[in-house]
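Chemist: Mapping the first sequence onto numbering that gives the first Met the number 0, position 20 (from 1) lands on 19, and the numbers just tick up by one.
Accuracy of the hints is not assured; some may be wrong.
Listed below are the simulated DSS-like cross-link pairs for lysine-lysine, each with C-alpha atoms no more than 27 Å apart in a straight line [as the list claims (entries may be wrong)]:
1) 53 / 8
2) 9 / 45
3) 15 / 134
4) 53 / 139
5) 105 / 67
6) 119 / 211
7) 195 / 105
8) 90 / 67
9) 109 / 211
10) 65 / 134
11) 65 / 80
12) 211 / 157
13) 15 / 157
14) 207 / 109
15) 207 / 157
16) 9 / 157
It should be emphasised that the hints constitute simulated quantities derived from the structure, not laboratory data.
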Amino acid sequence: MCGRYGLIKKIEEIQKRYRAQYSEAWETNYNICPTTLAPVIVEGEKGREIRLMKWGLIPSWSEDGKTKFSTINARAETVAKSGLYRGPFKKHRCIVPASGFYEWAKDKKKGDPPMWFTPKGDDFFSFCGIWDSWKSPEGKEIESFSIITTDANTVVGKIHDRMPCAITDNMIAAWISPTTPEGDLQSFLGPYPASKTSALPVSAYVNKVANKGPECIASINST
DNA sequence: CCAGACGTTGTT
DNA sequence: GTCTGG
DNA sequence: CCAGACGTTGTT
DNA sequence: GTCTGG
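Using the sequences and the hints given, assemble the complete structure.
Modeler: Written out as structure tokens, the structure reads:
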């Protein structure tokens, strides 16, 4: 699954890579956690925009802005059918830019360290995401997103069964366009190639959500 | 028809 | 054990 | 995802 | 909002 990731580039570099406008400040964060704000790229009326949204999708029909269930991830296999995600999947697809993501071993007893996965020869993963907008009773709009997951490739699969869906730059425009036919979308959601995925074991420093700095991705083999 | 759910992961 | 907060 | 709380009353 | 179960 994908429950933590990092985005360690400046907003100007994100803007350059995705050719999207931004209007809100963003601080580099090596440890982005559920419920916190992170930049996502959407197709707006005036072209691509970078918006800060809350990680963990709040459905537009939520009464109190909370969910009784986890919405940080959506399974690629069911996202198009799910009552919760169906609407956002049709109209509100986004790219979640990431420098890398963390996975923890499913078997806690072995004491395996957390792993930091990065794209080989690239500065960004472009995760496939969906988003929604919720309006509080006071009229405040809150935008939020979920990251789509799929089967792990052979590199990630050594410690975990699932990983986030990531696409190449030539697929981005079609993914975020609201007019792309729904039938075309499923083919976007395969695993990222193992040959382009790097893995680095890191310390438990990243476990603490308050730790946001470069120490999160320091290799435990080199310290 | 209305009421109630709507999710992911990992573990046993 | 299970839920909430970050 | 992990870490931390999980409660009540009354007082500042 | 929209689907499923009864």
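Chemist: Are the hints correct? Go through all of them and say.
Modeler: Status of the hints after comparison with the structure:
For the given pair, residue 53 sits about 19 Å from residue 8 by alpha-carbon distance, which is consistent with the 27 Å threshold. Under the criterion of a C-alpha separation no larger than 27 Å, the hint pairing residue 9 with residue 45 is consistent with the structure, at around 23 Å. In summary, the hint linking residue 15 to residue 134 is not supported, as the alpha carbons are separated by about 31 Å, beyond the 27 Å threshold. This hinted pair checks out: residue 53 and residue 139 have alpha carbons roughly 14 Å apart, not beyond 27 Å.
Pair hint residue 105 plus residue 67 holds up; C-alpha atoms about 23 Å apart against a cutoff of 27 Å. Using a Cα cut-off of 27 Å, the hinted pair residue 119 and residue 211 holds, with the two alpha carbons roughly 23 Å apart. Restraint check for residue 195 and residue 105: satisfied, since their Cα atoms lie roughly 23 Å apart, inside the 27 Å limit. Between residue 90 and residue 67 the alpha-carbon distance is near 24 Å, which keeps this suggested pair within the 27 Å criterion.
For the given pair, residue 109 sits about 26 Å from residue 211 by alpha-carbon distance, which is consistent with the 27 Å threshold. With a C-alpha separation of about 12 Å, the suggested pairing of residue 65 with residue 134 holds against the 27 Å cut-off. Distance hint between residue 65 and residue 80 is fulfilled; the C-alpha atoms sit about 22 Å from each other, no more than 27 Å. Of the pairs offered as hints, the one joining residue 211 and residue 157 holds, with about 26 Å between alpha carbons and a cut-off of 27 Å not exceeded.
With a CA separation close to 34 Å, the supplied pair residue 15 and residue 157 exceeds the 27 Å bound. About 20 Å separates the Cα atoms of residue 207 and residue 109, which keeps this hinted pair within 27 Å; it holds. Annotation: proposed proximity of residue 207 to residue 157 holds, straight-line Cα distance about 24 Å (limit 27 Å). For a cut-off of 27 Å, the pair hint linking residue 9 to residue 157 is broken: about 31 Å separates their Cα positions.
In this structure, the earlier hints numbered 3, 13 and 16 are contradicted, and the remaining ones agree with it.
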